[in-house]
Amino acid sequence: KNQVEQSPQSLIILEGKNCTLQCNYTVSPFSNLRWYKQDTGRGPVSLTIMTFSENTKSNGRYTATLDADTKQSSLHITASQLSDSASYICVVRSGGYNKLIFGAGTRLAVHP
Amino acid sequence: DTGVSQDPRHKITKRGQNVTFRCDPISEHNRLYWYRQTLGQGPEFLTYFQNEAQLEKSRLLSDRFSAERPKGSFSTLEIQRTEQGDSAMYLCASSDSLAENNEQFFGPGTRLTVL
Numbered sequence: 001k002n003q004v005e006q007s008p009q010s011l012i013i014l015e016g017k018n019c020t021l022q023c024n025y026t027v028s029p030f031s032n033l034r035w036y037k038q039d040t041g042r043g044p045v046s047l048t049i050m051t052f053s054e055n056t057k058s059n060g061r062y063t064a065t066l067d068a069d070t071k072q073s074s075l076h077i078t079a080s081q082l083s084d085s086a087s088y089i090c091v092v093r094s095g096g097y098n099k100l101i102f103g104a105g106t107r108l109a110v111h112p
Numbered sequence: 001d002t003g004v005s006q007d008p009r010h011k012i013t014k015r016g017q018n019v020t021f022r023c024d025p026i027s028e029h030n031r032l033y034w035y036r037q038t039l040g041q042g043p044e045f046l047t048y049f050q051n052e053a054q055l056e057k058s059r060l061l062s063d064r065f066s067a068e069r070p071k072g073s074f075s076t077l078e079i080q081r082t083e084q085g086d087s088a089m090y091l092c093a094s095s096d097s098l099a100e101n102n103e104q105f106f107g108p109g110t111r112l113t114v115l
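Going down the list, the protein sequences come from chains W and L. The numbers in the numbering used here rise by one with no breaks, and the one at position 12 of the first sequence is 12. The numbers in the numbering used here rise by one with no breaks, and the one at position 18 of the second sequence is 18.
Hint data in this document are derived by calculation from the structure and do not stem from the laboratory. Where hints are given, some of them may not hold.
Unchecked claim - Derived list of chain L stretches under chain W, where covered just means 3 residues or more per stretch with a C-beta under 8 Å from a C-beta of chain W: (1) 40-50; (2) 63-71; (3) 94-104.
If you're wondering where the values come from, they're calculated on a predicted model, not measured in any experiment. Backbone N, C-alpha and C fix where the C-beta goes; we use that ideal spot for every residue, glycine too.
Based on the sequences and whatever the hints tell you, model everything.
Now the structure itself:
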């Protein structure tokens, strides 16, 4: 069964600190993996996309990694800001399908 | 272009009533998707269109749900005889099937509360 699991479910950090969110997937065939940021009451916005051959991709203070062998991805946020408070959702696209397989998300709260 | 828009943003209705949501995709995007998202969960796929053709429907889309995209542009999602379990955020997304990676761009969602 195609699944995407994320950990932790929720996380609280202080402003300025770094954090890492995890994503494990069992999706086959694999096409690409995205990390989305979803603010409360809004739709998800793509942060990064990674294909099978990519190991690391950065977007400002966000750095995503992908290990296609172990089927794991991480999203590292450096120097967190209050505006980083949101849900971060890992999404895997299975090759040849238009459906995306979503994780349940990690809810991040950045406190001053 | 202002991105994907959805209307209304919030809807409160009584159980048993019918509701209809509208989604306007990004111009010239030929694919349009509907998702449902409950609190603390990721979005769940409901259905998608390529132009005006509805190509796939999830088993989550019961016979009380119907979606249309009559002219291949905007889409509507109707829920008949609403139930409390229908309370959720309904997200619409659109994509260009010819674009690299076929990225889906999401709208802000319509939050439905069934009393």
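Comparing the hints with the structure gives:
1. As drawn, the segment 40-50 of chain L meets chain W at 7 residues by the rule of a beta-carbon pair under 8 Å; at three or more, the given contact holds.
2. For the segment 63-71 of chain L, the assignment as covered by chain W is violated, since 0 residues bring a beta-carbon within under 8 Å of that chain's beta-carbons and 3 are needed.
3. Residues of the segment 94-104 of chain L lying with their CB closer than 8 Å to a CB of chain W number 4, which satisfies the three-residue condition for coverage.
The earlier numbered hint that this structure contradicts is number 2, and it is the only one.
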